[in-house]
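Novice: So the protein lines, in turn, are chains C and S.
Just so it is clear: in the first sequence, position 116 is 122 by my numbering, and no numbers are missing.
Just so it is clear: in the second sequence, position 199 is 205 by my numbering, and no numbers are missing.
Source of the hints: derived by calculation from the structure; they are not laboratory data.
Because the structure is a prediction, the values reported are computed rather than measured.
Mimicking SDA-like on lysine to any residue, the simulated pairs with C-alpha atoms at most 20 Å apart in a straight line are: (1) Lys476/C / Asp354/C; (2) Lys17/C / Arg301/S; (3) Lys17/S / Arg301/C; (4) Lys17/C / Asn270/S; (5) Lys17/C / His307/S; (6) Lys11/C / Lys224/C; (7) Lys17/C / Gln272/S; (8) Lys17/C / Ser304/S; (9) Lys476/C / Pro356/C; (10) Lys224/C / Asn297/S.
Listed below are the residues making up each chain.
Number of protein chains: 2
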Amino acid sequence: MIIDKMRRLIKHACSLPPGVRILVGVSGGPDSLTLLDGLARLGYEVIAAHYNHGLRPEAVDDASHVEAVAQRMGVRFVVNGSDVAAFASSNRMSIEEAARTQRYRFLFNQAQQMNCVAVAVGHTADDQVETVLMHFLRGAGLAGLRGMLPCSVMPEWDDHILLLRPLLNVWRAEITLYCTEHSLQPVFDLSNLDTTFFRNRLRQELIPYLQEYNPQVKDVIWRLSQTAAGDYELLAEMIQAVWQRSLLAEGSDYLVLSLSELRNMQAGLLRNVLRKAVAQLRPGLRDIDFNAIERAGSFVHSPPQTQTMDLVAGLHLYVSGDQIFLADRNSRLLLEEWPQLEPGKVMDLPVPGQLTIPNGWLLGSQVVDGSAVSIEDDPNQAWLDASCISLPLQVRTRQPGDRFRPLGMEGHSLKLSDFWINEGLPRPARNGWPLVCSQGEIVWIPGFRPAETCRVRQETRRALHLILKKRRP
Amino acid sequence: MIIDKMRRLIKHACSLPPGVRILVGVSGGPDSLTLLDGLARLGYEVIAAHYNHGLRPEAVDDASHVEAVAQRMGVRFVVNGSDVAAFASSNRMSIEEAARTQRYRFLFNQAQQMNCVAVAVGHTADDQVETVLMHFLRGAGLAGLRGMLPCSVMPEWDDHILLLRPLLNVWRAEITLYCTEHSLQPVFDLSNLDTTFFRNRLRQELIPYLQEYNPQVKDVIWRLSQTAAGDYELLAEMIQAVWQRSLLAEGSDYLVLSLSELRNMQAGLLRNVLRKAVAQLRPGLRDIDFNAIERAGSFVHSPPQTQTMDLVAGLHLYVSGDQIFLADRNSRLLLEEWPQLEPGKVMDLPVPGQLTIPNGWLLGSQVVDGSAVSIEDDPNQAWLDASCISLPLQVRTRQPGDRFRPLGMEGHSLKLSDFWINEGLPRPARNGWPLVCSQGEIVWIPGFRPAETCRVRQETRRALHLILKKRRP
Numbered sequence: 007m008i009i010d011k012m013r014r015l016i017k018h019a020c021s022l023p024p025g026v027r028i029l030v031g032v033s034g035g036p037d038s039l040t041l042l043d044g045l046a047r048l049g050y051e052v053i054a055a056h057y058n059h060g061l062r063p064e065a066v067d068d069a070s071h072v073e074a075v076a077q078r079m080g081v082r083f084v085v086n087g088s089d090v091a092a093f094a095s096s097n098r099m100s101i102e103e104a105a106r107t108q109r110y111r112f113l114f115n116q117a118q119q120m121n122c123v124a125v126a127v128g129h130t131a132d133d134q135v136e137t138v139l140m141h142f143l144r145g146a147g148l149a150g151l152r153g154m155l156p157c158s159v160m161p162e163w164d165d166h167i168l169l170l171r172p173l174l175n176v177w178r179a180e181i182t183l184y185c186t187e188h189s190l191q192p193v194f195d196l197s198n199l200d201t202t203f204f205r206n207r208l209r210q211e212l213i214p215y216l217q218e219y220n221p222q223v224k225d226v227i228w229r230l231s232q233t234a235a236g237d238y239e240l241l242a243e244m245i246q247a248v249w250q251r252s253l254l255a256e257g258s259d260y261l262v263l264s265l266s267e268l269r270n271m272q273a274g275l276l277r278n279v280l281r282k283a284v285a286q287l288r289p290g291l292r293d294i295d296f297n298a299i300e301r302a303g304s305f306v307h308s309p310p311q312t313q314t315m316d317l318v319a320g321l322h323l324y325v326s327g328d329q330i331f332l333a334d335r336n337s338r339l340l341l342e343e344w345p346q347l348e349p350g351k352v353m354d355l356p357v358p359g360q361l362t363i364p365n366g367w368l369l370g371s372q373v374v375d376g377s378a379v380s381i382e383d384d385p386n387q388a389w390l391d392a393s394c395i396s397l398p399l400q401v402r403t404r405q406p407g408d409r410f411r412p413l414g415m416e417g418h419s420l421k422l423s424d425f426w427i428n429e430g431l432p433r434p435a436r437n438g439w440p441l442v443c444s445q446g447e448i449v450w451i452p453g454f455r456p457a458e459t460c461r462v463r464q465e466t467r468r469a470l471h472l473i474l475k476k477r478r479p
Numbered sequence: 007m008i009i010d011k012m013r014r015l016i017k018h019a020c021s022l023p024p025g026v027r028i029l030v031g032v033s034g035g036p037d038s039l040t041l042l043d044g045l046a047r048l049g050y051e052v053i054a055a056h057y058n059h060g061l062r063p064e065a066v067d068d069a070s071h072v073e074a075v076a077q078r079m080g081v082r083f084v085v086n087g088s089d090v091a092a093f094a095s096s097n098r099m100s101i102e103e104a105a106r107t108q109r110y111r112f113l114f115n116q117a118q119q120m121n122c123v124a125v126a127v128g129h130t131a132d133d134q135v136e137t138v139l140m141h142f143l144r145g146a147g148l149a150g151l152r153g154m155l156p157c158s159v160m161p162e163w164d165d166h167i168l169l170l171r172p173l174l175n176v177w178r179a180e181i182t183l184y185c186t187e188h189s190l191q192p193v194f195d196l197s198n199l200d201t202t203f204f205r206n207r208l209r210q211e212l213i214p215y216l217q218e219y220n221p222q223v224k225d226v227i228w229r230l231s232q233t234a235a236g237d238y239e240l241l242a243e244m245i246q247a248v249w250q251r252s253l254l255a256e257g258s259d260y261l262v263l264s265l266s267e268l269r270n271m272q273a274g275l276l277r278n279v280l281r282k283a284v285a286q287l288r289p290g291l292r293d294i295d296f297n298a299i300e301r302a303g304s305f306v307h308s309p310p311q312t313q314t315m316d317l318v319a320g321l322h323l324y325v326s327g328d329q330i331f332l333a334d335r336n337s338r339l340l341l342e343e344w345p346q347l348e349p350g351k352v353m354d355l356p357v358p359g360q361l362t363i364p365n366g367w368l369l370g371s372q373v374v375d376g377s378a379v380s381i382e383d384d385p386n387q388a389w390l391d392a393s394c395i396s397l398p399l400q401v402r403t404r405q406p407g408d409r410f411r412p413l414g415m416e417g418h419s420l421k422l423s424d425f426w427i428n429e430g431l432p433r434p435a436r437n438g439w440p441l442v443c444s445q446g447e448i449v450w451i452p453g454f455r456p457a458e459t460c461r462v463r464q465e466t467r468r469a470l471h472l473i474l475k476k477r478r479p
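Extracted from the complex, chain C is given alone in its bound form (with noise of 0.2 Å):
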């Protein structure tokens, strides 16, 4: 039965076939010692591998335990240890997660060493229900309640090398019989071992007392698992879809979505498609906050441009035109898509001429006549009566006391920091931005606006035209 069960399992998970390699982490406890024997049985060529964890004196007979068991199986058999202990101190981890930690570490090294297609581990279809207990009562959607998959890759391990756990439809009941049936000795019940205070609890406790209210509650639980990963994995393939129509260009540590893409999503989906994104651009968050993806999506929804959002674990969004920026707050996106000068550079800009920014931009000027000069609203260039303005221009970054009217406002000048507030350009950006300014005063903040104090007026006879441009690449 069990052996049928997590056979049905693996073919349905990863059909992994018969002969192939599996590294089998036994801790010498019920679990493990069917796990290594089960696989055995199905075909499968199972290296036991145990790791000391240094944590109680009678560890080392649990090793020489196991060892005797593979080699009455005829199987091949690697330990190895360490003080996990010191590790957690220095490492300032949990026992149990540095216990895990150098576990897995051990595990997947070995795997890789020996050539192995995965790792096998012992969970149980209780520590499932446990697990999705777990995301349950911590907050979690329909990724944390499909609870532990039965095959999957962990990246931060090894990119291709499987993470198996066969035994997930297997209650501990039947392993207890198993185990009889079969003559399997477990050392003692190490189950306990990698499991934490709250985890524990959970299943001494929680469960139990859950059970007054519906004695099937671990059956329902784990069903639950079972229908939240079929719908999880619907709900995945519609979003990648979506992804890919939204995706415009990402980097480590930015992405550009396309606004108008996001605009047009259900709300569902667009919760999804943030929710993605901040996973991908912060894989180790654990759980994403709620409220931050209902932020996001209200400022989706009404961003006034070039507006920006101090979104969660460092990571900023911001719009420009139709494309809608998810980026760290240091990104260097930042750096390639907006003109910046190291932070207290001054240069000259030549009239006529031209200057270089160092990221890939350009500002350039010409006198023009009078009657030459555009209306239009582009905050990339900008027309000044020539005769305000005192040469030659410089080209700086902010200052401390910088203050500025721009075009359009009457009354005094802002504070430069509260014009940026205003328009929204991201912070991080502030520091870099270029400021022409005649005398040194600001007369033109390029890709924004020209100031007051310069306006061309009917009276202008002659007028200066800057132009802020990227270089052809």
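Once you've looked at the hints, dock chain S against the given chain C.
Specialist: Leaving out everything else, chain S in the frame of chain C:
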């Protein structure tokens, strides 16, 4: 704050414009008073409707209190009541179920009479959390994890009047505050009245207990309801699309789906389509058995032709060509899909000639030369050695003791019932199935096999060619 939450929810869920008439269920407790007050402030034309369940003597006072509140607010008031306990016992319902039934009947009747577009009830975010948790414990997929919907139609009460739950995003704690701030005086906390023992225990014991595991558990569950609703909507849309591609025919007690479409679906999608099919034929079935859906899924992928399966709640699955039928075991579908005689009826099949089967089929016979015998394996045609047959041929339905040795079978004959079990003929089709007999013995089962005893041999000079076909419509 509550007002804003209500406005947003109504706008998002069903965009009811201010001014429309809404019947508000008002028990007199804090939730329903807040609901009444809030909807009135939002500009809806509210009518307060109170139902006296006759379960507590002081309920009469509640009614007058609600009436007084309504008068003070200047809104119309309607009241009714019944002996819910008596209704419960005569309908074999729990008190809670009876109270709910009678109350909703009253609310929707009133709403119809008074031309209201919606009935509003006061379920809160706390109620929502309890509902989701209850579904989680009792077994639910994504649909159940959504909990209650802010806006829905309940065809059991009315096909158009909306059931509105504007307080679904509002916590009980906010309502308490609102009542104080707006001098609303609840009669008594009646919110427990319509809750079952199970729900009450959930509220008073389980949720506080779960808060020990995660103090934010209520928020977490509420958020799950939100994401589940969004994901469900996406899935429902996807399922609807494949449903329309797969559905070949439908009636009140049967559905015909395309087997090839079903076989091309991913497991998750197939599971949802099967669930939808069962739900359509059995709308009252609260929890569709997980195992039934799994079995149906396996059936789709491996049914021998004409195989049948007893699925769930009196529904059968069977396959014919590319059609898969889901039907009530007494569905009239059978009478249209298969040749059926009135049980007990006996008729002659002239040779050569033809016989009309009343429900749209035809049996035909002719005598052919032994060399003209086709070898094609068509269950709707048979060739018999004429020398083994005594005329007249008779067509009748089954009789006790019928046995049959199908062509190609060695050894003894089978009981007819065993033959049909082997062939998977749906049980309800068996009593009326036409059998072609000679001297009482079955020589051909139309649609299946001829008898071994009448096999055409090398030395056969003349053969009887029999055929079963559908009459043209």
